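Line order of the protein sequences matches chains A and B.
Numbered according to my numbering, the first sequence terminates at residue 894, and the numbering increases by one at each position without gaps.
Numbered according to my numbering, the second sequence terminates at residue 636, and the numbering increases by one at each position without gaps.
Hints are computed from structural coordinates only; laboratory data are not their basis.
Bear in mind the structure is a predicted one, so any value in this text is a computation, not a measurement.
Ideal placement from N, C-alpha and C gives every residue a C-beta, glycine not left out.
Do not take every clue at face value.
[Unchecked claim] Taking lysine-lysine and the DSS-like style, the derived pairs with C-alpha atoms no more than 30 Å apart in a straight line are: (1) B:415 to B:622; (2) A:879 to A:834; (3) A:792 to B:628; (4) B:622 to A:792; (5) A:736 to B:622; (6) B:624 to A:736; (7) A:736 to A:792; (8) B:415 to B:426; (9) A:792 to B:626; (10) B:628 to A:736; (11) A:736 to B:626; (12) B:231 to B:426; (13) B:630 to A:792; (14) A:792 to B:231.
[Claimed, not checked] To give an idea of the interface, some chain A residues facing chain B are shown, with a C-beta separation under 10 Å as derived from the structure: (15) 748; (16) 760; (17) 775; (18) 779; (19) 830; (20) 854; (21) 861.
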Amino acid sequence: MTDHKLNYVIGFLLLVLSVVWTWLVIDTIPAGFGEGDIGPRAFPLMFGLCLSGLSVLLLLKSLLNGPRNEPEHSLTAEYQLSIHWLPAVLILIEISAYGYLLKTVGFVIATPIFVLFVMVVNLRIRSAKMLLGMSIGITLFCWLIFEKALGIYLANGSWINLG
Amino acid sequence: MEHFLNAFALALTPMSIAAIGLGSLVGLIFGSIPGLTFTVALALALPISFNLDAVPAIGLLLGTYIGGMTGGSVSAILLGIPGTPSAAATVLDGYPMTKRGDASIALGTAVIVSVFGGIFSLAVMIVSVDLVSKVAIGFGPAEIFALVLFGFSTICGLCGNSLIKGLIAGVLGLMIMTIGLDAIEGVPRMTFGSVNMMQGVNLLVAMIGLFAVPFIIEAFSEDPSKSANPKKMANVRPELPSFRLLFRNIGLMIRSSLIGTGIGAIPGTGGAIASFLAYDNAKRFSKKPETYGKGNIEGVIAPETANNAVTGGTLIPLLSLGIPGDPATAIVLAGLMIHGLVPGPALFMNHAAEVYGIYIAVIIAYAWVLGLQLLGIRVFVHVLRVPREILAVVVLVLCAIGAYSIRNSEFDIYAMAIIGVTAYVLVAVRIPITPIILGMVLGPTLENEFRTAMMLSEGKMDIFYTSPTVIVFFSLAALLIVFQSLSELKMKRKEKQKEDLSDA
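Next comes chain B alone, as it looks inside the complex:
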């Protein structure tokens, strides 16, 4: 009870509420503009969170995450272009509704069901995160090493079409994090005598470079005459759905929330998969499946509920085990660590008030999202009219401010530029970026726990095969890799069969 009261005191300060509101607003704007993902917004918000206390800081990040997830539906419904990948399924019925003149009700319903999905997943998360962390409480260095290795194997789900390229990206991330002073013995590694390099590559600087700079280069590379800027947009305002409509679809909302939370809890999946699965599920159980794709409101309810339910789901492995499920939660993880909130069982013992404060922050974020989207939709419509390349100029200045403000050093701006341009080239040659982040976030723990375990066992490797927990995590990691390799092989066989058929 005392923890809850402290949590309320931490989360209900004017600074906390304002930070969460700012995050929600920025997330909504970034999420609603196609191409300007909320991951970019999170990377920019991270340095700002640096100056705040733990709960407002994490509230700012979660507000951005939640706002971004909800904001994706605005452009999906109004323009037929998803603001985020997780809103892709919303286009299928949301845009036909706009063409029919029902944009207002589609937007209003999307906001309400998004809040429902988010709060539902938060409740599931609160119950399960405690259970998972209670299991994890007896973990020693060997078990944590195995757990982090398992977390690292989720790269398989984040690596796109090529497992090898995903693993290469992961190893690159791990290599980057070994640069600087060694955490255990203080030996400089790959610093070339530079004092700036002693502190290593700053995680925040790397994240800004990896996510924001490629977007800026792409925006500047576009031919302005060919960019798909909305010229004509209906005069919209969100119209709240009737209770009857919501009550009629309550079963669908609960089903979609469960799908979203479940998918979110599996690292390496994300909102896009959840929303398409929920859409497919809704269509399968619908009495009028033939109306899907032609502006059926259920086709908006299912994906929007599911993609917001992902937000709670991803927090389960994040808070209890320290495993980020997607790039956005990897940034939230970095934010947690910067503020001394190291995820895992100890988090609930040492920082219970902050954790409960984060739960309250999620509820406040949804309240903000609801209010902002209902009141500010006309403004967002105007933001959607701003050309992407002009927004990129603003983002570029924000990136530089963000990188500089971390250590007040221009070295970080140079580092951001180099990392960003490298990331742009890597994306272009189809090497995924997310595994690099995963490597950078999990790398130091992986190394430190392995070295501590080896010191405890005096160099004997049996510490890694005598613990059942370690064996379980190793097996899960191996299973994930085998599963991904098999699905990659299957996909290639299908492609080959298609080619053979077309040749015939």
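So that you can see chain A by itself, here it is in the shape it has in the complex:
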């Protein structure tokens, strides 16, 4: 995707976000009473409008610059390389699943499962020694340092609790 096309997409998405935000602000937050009370609505509303203005500016800028002003090299390999959707979505799912596991089975069980999964799926590591070492090592290290040494509360499971 070229620079100006990318800016187009960003500008459009941000404009949609700002319109939805502004509508929600007007619909759900009460206005002030006047006489110095500007109320809780004023600032979120102003920020929504600012975002709309800036998104329109970004759209206009990419429209005015257009592809004719685009240098050839900006058909960037950088963009194609820099957004890796699969690892990003995987991380989102993995962290969310880890959060759920922490709540249900606690830190001591959730962490080795999580580390094992990440290393097998994301890093494609197959060495049993490495997998076991990392999953048990990280869990033990964190449990000793945070729970025992620093006294930071690590999650206890609601189904099982080993911590």
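Given chain A, put chain B in place with the hints provided.
Positioned in the frame of chain A, the structure of chain B alone reads:
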């Protein structure tokens, strides 16, 4: 005097010294590994600081900051890859020294001059921060609003190549901070009936997500066979420079310290600019400029002194006015606020002992950095051999622990994941992250002070144009925006001229 004695009592407890040492160690390790910035380390250290008293907590954060700034030189000298952007200029002469077999003396000199730069800037900071805060003591809500707005305009310096995208990021940060209960009237805003959302987006959770998660995704996206892991590294140990060498370069060290402190005091600049300016200055005044880039020790002394002097410089606007100069100090600011140390003139009246305790913590941090780097350099060399993606797994677990431990809620882990992945996409489409943090940190003050000022003036706007201080801050903010717009235009013209020339 009483405040100083109290400060010593606060800063010299075993817990304080251990916390500062831990921060320095973590900062050194994170700073020395390319790609694993000390900002990530700070974001991870922030939740740990939550359980500590104010001075050990801020000491932990400052130790991480200082350790990270110094640690960047290790990989710059040994691998030719800067651990942090501020160590980029160190590569120019540090790496040629390693290739020549002088890595040990380069590392030793880098540590000593880093400590010199840091302590020098601390002294300048102690003198100037008091003066600046004395000026700020008479500020009312209108003046504070104008000051925060000026602080917000420093986004211009943090927005990279596009002012519009920087401003968009800033507004996004401001919008995020309006979510939750309104601080003045207690009205829920954009909470959609969720109890978790009532408390708003936690600043710490957002910081972990914004800085650490994009790094993890990038590390996991890399092809392990293509990652630049050091295979061969010289057997190094830091070798202290001779007094003669240091004495010969004392003028250069003072000049570089002044450059670093001055640049650090300007919000939105940072260590990278300071180190390159100091390098350029050293080369310009050198008797042998032709030896620069070929392993001249002055090319290590200048950038390393300057980038560490930035640490003291950034604390001047941070402590006296509450304006963070870079992402790292934005996290330190969050740490200060969490512990009830609200920067500004009142900080020196209400928490003098804690402030002096922070000064002592900086000195302890430099002592730790010196000791750790001199004794532990062989260990750091081994850490540099660990693949980035393996370190990312450890960081991922630490992020989750950090996010969870703030409110013992898995909701914060989900929030961190969403914010982190969004931040990754934003970085990829070249929307800078730092203005979001600035918006999140300064947003609540901006709104509360404006609303208080409006209540005091009974809705009349003249409160904002009758005070000379307010006018000065508004003008400075406008000047910054105009200056950035002009430099952006100039840069574009240069690019166009280059293209025209290449077409011809």
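Okay, the hints, checked on the actual structure:
1. The straight-line distance between the Cα atoms of residue 415 of chain B and residue 622 of chain B is roughly 26 Å, inside the 30 Å bound, and the hint therefore holds.
2. Restraint check for residue 879 of chain A and residue 834 of chain A: satisfied, since their Cα atoms lie roughly 20 Å apart, inside the 30 Å limit.
3. With a C-alpha separation of about 16 Å, the suggested pairing of residue 792 of chain A with residue 628 of chain B holds against the 30 Å cut-off.
4. With a CA separation close to 16 Å, the supplied pair residue 622 of chain B and residue 792 of chain A stays within the 30 Å bound.
5. Note on residue 736 of chain A and residue 622 of chain B: the hinted pairing holds, with a Cα-Cα distance of about 23 Å set against a maximum of 30 Å.
6. Taking the CA atoms of residue 624 of chain B and residue 736 of chain A, the gap is about 18 Å. The hint holds against a cut of 30 Å.
7. Among the hinted pairs, residue 736 of chain A with residue 792 of chain A is consistent with the structure: their alpha-carbon atoms are about 11 Å apart, no more than 30 Å.
8. The hinted pair formed by residue 415 of chain B and residue 426 of chain B meets the criterion: a straight-line CA distance of about 12 Å does not exceed 30 Å.
9. For the suggested pair residue 792 of chain A and residue 626 of chain B, the alpha carbons sit about 18 Å apart, so the restraint of at most 30 Å is met.
10. The straight-line distance between the Cα atoms of residue 628 of chain B and residue 736 of chain A is roughly 19 Å, inside the 30 Å bound, and the hint therefore holds.
11. For the hint linking residue 736 of chain A to residue 626 of chain B, the alpha-carbon distance of about 23 Å falls within 30 Å, and the restraint holds.
12. About 10 Å separates the Cα atoms of residue 231 of chain B and residue 426 of chain B, which keeps this hinted pair within 30 Å; it holds.
13. Restraint check for residue 630 of chain B and residue 792 of chain A: the C-alpha separation of about 21 Å stays at or below 30 Å, so the hint holds.
14. Among the hinted pairs, residue 792 of chain A with residue 231 of chain B is inconsistent with the structure: their alpha-carbon atoms are about 47 Å apart, more than 30 Å.
15. Hint status for residue 748 of chain A: holds, given a least beta-carbon distance of 9 Å to chain B, under 10 Å.
16. The restraint placing residue 760 of chain A at the interface with chain B holds, with a minimum CB-CB distance near 5 Å, inside the 10 Å limit.
17. Of the supplied interface hints, the one on residue 775 of chain A holds, with its beta-carbon coming within about 4 Å of a beta-carbon of chain B, less than 10 Å.
18. With 10 Å as the threshold, the beta carbon of residue 779 of chain A comes within range of chain B, its nearest partner Cβ sitting at about 7 Å, so the hint holds.
19. With a least beta-carbon distance of about 4 Å to chain B, the hint placing residue 830 of chain A at the interface is held under the 10 Å criterion.
20. Given the 10 Å rule on beta carbons, the hint for residue 854 of chain A holds: about 5 Å separates it from the nearest Cβ of chain B.
21. Taking 10 Å as the C-beta contact cut-off toward chain B, the hint placing residue 861 of chain A at the interface holds, the least distance being around 9 Å.
Of the hints listed earlier, the one the structure fails to meet is number 14.
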